[in-house]
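Visitor: Sequence:
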Amino acid sequence: MITNQQVHSTLPVSVQYSLFQGKSGVKELHIIICPNQYGTFQEQLNQVTQAYRNLLTDLDTDLNSSVLRRFFCSDLPNQADVLKANAYANSRTSESPCAISWVNQAPAHPAKVALWAYHIIDPVTELAPVKTNTSLSLSRGELTHHWDTKLYSIRADDSYSQSRDILETYCQRLDQRNATLYDHCIRTWFYVKDVDTQYQGLVDARNHIFDQEGLTADTHYIASTGIAGGLHETKARVAMDAYAISGVRPEQIEFISALDHLSPTQLYGVAFERATAVSYQDRKHIFVSGTASIDWQGKILHEGDVLKQLDRTLENIEALLTQASAKMSDNNVFIVYLRDMADQFAIQEQLALRHPDIPTVFVHAPVCRPGWLIEIESIATVVADKPDLPFF
4 MITNQQVHST
14 LPVSVQYSLF
24 QGKSGVKELH
34 IIICPNQYGT
44 FQEQLNQVTQ
54 AYRNLLTDLD
64 TDLNSSVLRR
74 FFCSDLPNQA
84 DVLKANAYAN
94 SRTSESPCAI
104 SWVNQAPAHP
114 AKVALWAYHI
124 IDPVTELAPV
134 KTNTSLSLSR
144 GELTHHWDTK
154 LYSIRADDSY
164 SQSRDILETY
174 CQRLDQRNAT
184 LYDHCIRTWF
194 YVKDVDTQYQ
204 GLVDARNHIF
214 DQEGLTADTH
224 YIASTGIAGG
234 LHETKARVAM
244 DAYAISGVRP
254 EQIEFISALD
264 HLSPTQLYGV
274 AFERATAVSY
284 QDRKHIFVSG
294 TASIDWQGKI
304 LHEGDVLKQL
314 DRTLENIEAL
324 LTQASAKMSD
334 NNVFIVYLRD
344 MADQFAIQEQ
354 LALRHPDIPT
364 VFVHAPVCRP
374 GWLIEIESIA
384 TVVADKPDLP
394 FF
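Residue 4 is where the sequence shown starts when you use our numbering, and the numbers rise one by one after that.
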């Protein structure tokens with residue numbers, strides 16, 4: 004079952020978390036921390052990491068359970084040095100035994116930085132991750148979970164060539180792990196600088212690599228978000244984070260479409276799954292891709308009206324979760340992408356009314372089509388009872 008909490012903090016930050024515990028006793032913790040008072044980037048980062056440490060202590064866990072930390076930043080090229088100097092944002096420090104992701108997406112006002120952290124708390128077996136540069140591999144039984152972050156290429160200047168380089172490099176990494184893009188990659192996040200002009204290069208490169216790897220409309224794609232964003236490297240037009248599981252069995256994976264609500268993505272020339280579910284002995288994860296106000300024909304609904312687009316976006320997410328035998332209350336985390344931050348307060352108010360218990364971070368990130376004013380992605384977890392599958 005999932006426990007969702009909003010935590011009172013003596014620091015000027017909001018702290019939210021969700022905690023799922025399966026039959027095995029293994030817990031999964033998602034944390035969202037956002038400053039709610041103006042300060043410098045350094046001040047806010049210190050407040051966020053202090054609140055993070057405090058929460059881990061309150062929940063009787065520690066840094067050794069950490070798997071992923073993603074820092075959403077308002078001006079990453081000018082903030083990277085401060086992040087590097089912070090032990091919780093630098094993957095080379097003992098305080099960061101996890102994958103570290105930095106994304107140039109400004110959090111909602113007044114924050115300059117926000118944190119999403121993911122932990123696995125195993126009461127029996129201590130986590131033993133292996134870290135290499137920007138990747139983390141975590142072996143659990145017959146499966147190994149791989150988190151890759153901050154992948155980019157600047158060997159060429161255009162988004163197509165950079166995207167191809169990124170995906171080819173990632174495929175090589177997977178090959179070294181006895182894994183493939185087709186069988187083992189579960190989730191990707193693509194961050195595109197100036198998405199209105201550079202997104203098509205990513206789309207074309209991804210389609211090219213997917214065709215090579217056997218990912219087609221007749222087989223399957225990968226759950227994904229393709230959104231405005233970037234890294235500290237100003238020459239990088241595209242960056243990628245990814246999650247894969249080597250050893251995962253085909254019968255563990257389910258591709259979710261909800262075709263009565265959302266069109267197949269290939270209808271408008273892109274290649275990703277609307278959602279992907281991965282089942283284990285005692286739980287099922289549902290990775291909901293970036294989802295917007297779209298209908299079953301691939302058309303944008305409610306152009307120019309962000310509140311009605313929010314309605315349809317939530318309806319679409321609920322349809323995807325329903326197909327995976329889950330409910331909205333099973334969501335562990337929301338990431339809300341807004342094209343226009345003037346919409347921030349209206350959207351925050353509506354989500355606080357409808358889904359107050361889901362940890363949520365709001366960031367400025369135009370969506371891949373200009374007409375979409377809002378996009379939301381989520382991760383949900385439900386109880387399963389499948390003793391023949393691997394444990395989580």
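Check the hints yourself; a few may be wrong.
Claimed, not checked - When the alpha-carbon atoms are kept at most 25 Å apart in a straight line, the in silico SDA-like pairs for lysine to any residue are as follows:
id: 1; residue 1: LYS311; residue 2: LYS238
id: 2; residue 1: LYS26; residue 2: GLN326
id: 3; residue 1: LYS87; residue 2: THR43
id: 4; residue 1: LYS238; residue 2: THR219
id: 5; residue 1: LYS238; residue 2: TYR271
id: 6; residue 1: LYS87; residue 2: LYS196
id: 7; residue 1: LYS302; residue 2: ASP314
id: 8; residue 1: LYS302; residue 2: PRO359
id: 9; residue 1: LYS196; residue 2: ASP346
Unchecked claim - What follows is a list of derived Cβ distance ranges for each label pair:
id: 10; residue 1: SER328; residue 2: VAL127; range: 38 to 46 Å
id: 11; residue 1: SER12; residue 2: LYS302; range: 15 to 23 Å
id: 12; residue 1: GLN40; residue 2: ASP391; range: 27 to 35 Å
id: 13; residue 1: ASP178; residue 2: ALA220; range: 38 to 46 Å
id: 14; residue 1: LYS311; residue 2: ASP388; range: 15 to 23 Å
id: 15; residue 1: VAL127; residue 2: ASP391; range: 39 to 47 Å
id: 16; residue 1: GLU46; residue 2: LYS311; range: 21 to 29 Å
id: 17; residue 1: GLN215; residue 2: ASN181; range: 16 to 24 Å
id: 18; residue 1: LYS389; residue 2: GLY307; range: 42 to 50 Å
id: 19; residue 1: ILE157; residue 2: GLU318; range: 22 to 30 Å
id: 20; residue 1: ASN181; residue 2: ALA220; range: 26 to 34 Å
id: 21; residue 1: ASN210; residue 2: GLN179; range: 19 to 27 Å
id: 22; residue 1: SER266; residue 2: GLU129; range: 44 to 52 Å
id: 23; residue 1: LEU262; residue 2: GLN215; range: 35 to 43 Å
These are computed hints drawn from the structure, not numbers from a lab. A virtual CB, placed ideally from N, CA and C, is assigned to each residue, including glycine.
Visitor: Now tell me, hint by hint, if it's right for this structure.
Guide: Hint-by-hint comparison with the structure:
This hinted pair does not check out: LYS311 and LYS238 have alpha carbons roughly 36 Å apart, beyond 25 Å. A distance of roughly 23 Å separates the Cα atoms of LYS26 and GLN326; the hinted pair therefore holds under the 25 Å criterion. Pair hint LYS87 plus THR43 holds up; C-alpha atoms about 16 Å apart against a cutoff of 25 Å. Restraint check for LYS238 and THR219: the C-alpha separation of about 31 Å exceeds 25 Å, so the hint is violated.
Between LYS238 and TYR271 the alpha-carbon distance is near 29 Å, which puts this suggested pair outside the 25 Å criterion. Pair hint LYS87 plus LYS196 holds up; C-alpha atoms about 22 Å apart against a cutoff of 25 Å. Note on LYS302 and ASP314: the hinted pairing holds, with a Cα-Cα distance of about 15 Å set against a maximum of 25 Å. Of the supplied pair hints, the one linking LYS302 and PRO359 is violated, its CA atoms being roughly 29 Å apart against a limit of 25 Å.
Distance hint between LYS196 and ASP346 is fulfilled; the C-alpha atoms sit about 21 Å from each other, no more than 25 Å. In this structure the supplied range 38 to 46 Å is violated for SER328 paired with VAL127, their Cβ-Cβ distance being about 28 Å. For the pair SER12 and LYS302, the beta carbons lie near 43 Å from each other, so the given range of 15 to 23 Å is not met. About 51 Å separates the C-beta atoms of GLN40 and ASP391, a value inconsistent with the hinted range of 27 to 35 Å.
Take ASP178 and ALA220: their Cβ atoms lie about 25 Å apart, and the range 38 to 46 Å is violated. Between LYS311 and ASP388 the CB atoms are about 39 Å apart, so this pair departs from the stated range of 15 to 23 Å. The hinted window of 39 to 47 Å between VAL127 and ASP391 is violated, with their beta carbons roughly 21 Å apart. For GLU46 and LYS311, the Cβ-Cβ distance of about 38 Å falls outside the hinted range of 21 to 29 Å, so the restraint is violated.
Distance hint check for GLN215 and ASN181: the Cβ-Cβ separation is about 19 Å, which falls inside the suggested range of 16 to 24 Å. For the hinted restraint 42 to 50 Å between LYS389 and GLY307, the CB-CB distance of approximately 45 Å keeps it satisfied. A hinted range of 22 to 30 Å is violated for the C-beta pair ILE157 and GLU318, which are about 40 Å apart. At roughly 27 Å, the beta-carbon separation of ASN181 and ALA220 lies within the given 26 to 34 Å, and the hint holds.
Look at ASN210 against GLN179: about 25 Å separates their beta carbons, and that is inside 19 to 27 Å. A C-beta distance of roughly 45 Å is found between SER266 and GLU129, which places it inside the suggested range of 44 to 52 Å. Here the CB-CB span from LEU262 to GLN215 is close to 27 Å, at odds with the stated 35 to 43 Å.
In summary, the structure is inconsistent with hints 1, 4, 5, 8, 10, 11, 12, 13, 14, 15, 16, 19 and 23 from the numbered list given earlier, while agreeing with the others.
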